[in-house]
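Protein chains in written order, with the numbering used here: chain B, 69 to 533; chain C, 226 to 502.
Keep in mind that the hints were calculated from the coordinates and are not lab data.
Be aware that a few hints might be false.
Chain C stretches covered by chain B per the calculated footprint, using a threshold of three residues with CB under 8 Å from any CB of chain B [said to hold, decoys possible]:
id : region
1  : 238 to 248
2  : 283 to 296
3  : 428 to 442
4  : 445 to 453
5  : 468 to 478
As the structure is a computational prediction, the values presented were derived from the model and not from experiment.
Where is the CB? At the ideal position from N, CA and C, for every residue including glycine.
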Amino acid sequence: MTTFLGMPAGGGNLTGEPFPKAAREALGNAQLRRNLAKATSTIRAKRANVVGELPDWAQLRAAGAAIKDEVLADLDEHLVRFEEALTSRGTRVHWARDAEEANRIVCDLVRATGTREVIKVKSMATVEIGVNEALAGIGVHAVETDLAELIVQLGDDRSSHILVPAIHRNRAEIREVFRRGMPGVDPGLTDDPRALAEAARKHLRQKFMTVDVAISGANFAVAETGSLVVVESEGNGRMCLTLPRTLISVVGIEKLVPSWRDLEVFLQLLPRSSTGERMNPYTSVWTGPTEGQTSHVVLVDNGRTATLADPDGRAALRCIRCSACLNSCPVYERTGGHAYGSTYPGPIGAVLSPQLTGVDRNPTLPFASSLCGVCYDVCPVAIDIPSMLVHLRERVVSAKRTTPESTAMRALAWAMSDARRWRRLLGLGRFGRVASRHVPLPGWSTARDLPEPPKETFRDWWGSR
Amino acid sequence: MSARDEVLARVRRAKGPREVAPVPREYRAAGTRGPGDLELFAERLRDYHALVRVVAADEVASAVAGALRDRRAHHVVTAPGVPPGWTAGWVAGDATGREAQGPTGPVGPAGPTGPTAEGPELSDPAGRITSRVPLGGDAREALPAGRDQAGAHPPIGDVREVRRVGGGDAWAVLREVVEAADAVVTACHVAVAETGTIVLDHDAADQGPRLLTLVPDYHLVVVRADQVVAGVPDAVAALAGVLTQTWISGPSATSDIELERVEGVHGPRTLEVVITR
Ligand code: SF4
């Protein structure tokens, strides 16, 4: 499949049910909304607090955006430099055009070790390509070692947030997940978060000590030095990076930064935007194989070059996956992450997923926003998500120029392309009602598929916060 | 076309004409804020629930001994380049809290020990692990069997040193030593006052390989005042060229369950920092 300027699109876990349909299901789940509201409001307050502490936040943000733009402007040269730095130290570098190829590479490497089990550091790229599923296909069990990813995995669930994938679960639900899914767990396990974390510690400790192959991602990859950086809280990442004798790191090609010095910006922007801490508990940096390990890096395109090809959309590749935009988005807070049907939910998902897959495969996501603009304000690399959404809405509409739904899409895009217009439209009534009355949506989506009308409009609700 | 060539060709087609402005670096850069504020550093560490002791430079040994005694540590590992003096005070005393009376008699499986009595250096077959306390021949055999059995009543002053290890058997031996330890003592490369962060350089002899500080439940770090810098840019500048690093800001923690903070998920549950003025 080809997309923008004929560039091949990405595959993997980037598509799901159309947003309106999935959102409607989520809106019917009061428990989910309560869990989400509690979590996102807590983390918003923490973030605001530590961001406010830095007198030079605006300057850091400007630098962060510019550094990423610099990488993207000469991505080929940075990639080649990065590869040279890695290979000169003995790391083997592999390239993957898409998810399928990346999975094939990882599976071959894992097969060669003869292991039946691998341990994993939390990594969005590996969720995106679906490496766990691919490994299962060759009879290898991938053990998620991040607590939230483990909860998702044991519960046979899907992640609903970039940073805290099990944010939609409360403690009682997590206890049930552990009771059912964790072999040998104490049946008297309480729902005290400390007890739950301790149960996970015991369960995983045994894996850390016995499994000899690890799969990681990377938050940053330094072209100049070949260093990889993993930012984490629990220490599971350190365990995975250190104990196994084989380490395979799956890295999206946009994760590069040109020089070592650039980390001085991102190691300030990321923790404060992400967990709302001055610094996360552990950051690991490694440059080439360490302490006798064999190390591999898989560089993955999977739609990133297609995203790069659109000058008005490429800034989505600046994203450092902090999740601040999710935590501040009124739409995300109501629908949760599953509604976006992609590894990348929330505002960033609404602009990144359709670009990675091509808008034809994610036509509803650019409409999953009220364009209130808060995501832009909180983004540490200043991605203008609202403008990008409008641009992508136009791409959706023009891609479907000859179909009946193009009229409907264009009407929606027109209404949504101007904040005041959109607010007025929302103010007329609730989203579903407005859409069904004022916008005919044959084929693409019927009024039936639009979100169940919330009690208040996004706008009323947002205004009342 | 290989995947590599194809991805690079796609990038070249996609990137378009270059038109980027130079990166504006108007934030507080390295070297613009003077030395790190020790008070602030200590406060930020305490915010993370790390334990902090601020002492004079010549009080390191007694501070380390005090910390290890309070911790009731029995099996302590240190990075190989940690000054022997740091742990000497603890070796001399009883690990359970009482001061030893005079020079200690024969302890451990073989031979005397004490602040001055260094046993013959022992090494594993690869010559990489040594112990200053005689372990009785083969380092591997003399290791405590594990925290459970060893916790009953280990020999007084059971101190080991671990040298940097490459791989193979030496790695296995290192793992065994570290897994049996209940405390680890290291130095650091640099520390950040503003964020309460300590950074280890794992190629430095007094900080040791990553494994060392990974598994034991208690990590004691000694930070010299001149290693404390003001902000993250100062630390990044100080770390240029350091290949393997761990940045540590408080103990291991998770907020994955209803965003409630729980400490000590995997890494050391307790971080203690001795700051020397
Ligand atoms: S788009 Fe910005 S705010 Fe959202 S996750 Fe990415 S970096 Fe964070």
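Closer than 8 Å, Cβ to Cβ, for at least three residues: run that test on the region 428 to 442 of chain C against chain B and report holds or violated. holds (count 4)
Do at least three Cβ atoms from the region 468 to 478 of chain C come closer than 8 Å to Cβ atoms of chain B? It holds, with 11 qualifying residues against the three required.
Closer than 8 Å Cβ to Cβ for three or more residues is the test here. Does the region 283 to 296 of chain C pass it with chain B? violated (count 0)
How does the region 238 to 248 of chain C fare against chain B when you require at least three residues with a CB closer than 8 Å, holds or violated? Per the Cβ count (10), the hint holds.
Proximity test - 8 Å, beta-carbon atoms, the region 445 to 453 of chain C to chain B, at least three hits: violated (count 0)
The earlier numbered hints that this structure contradicts are 2, 4.
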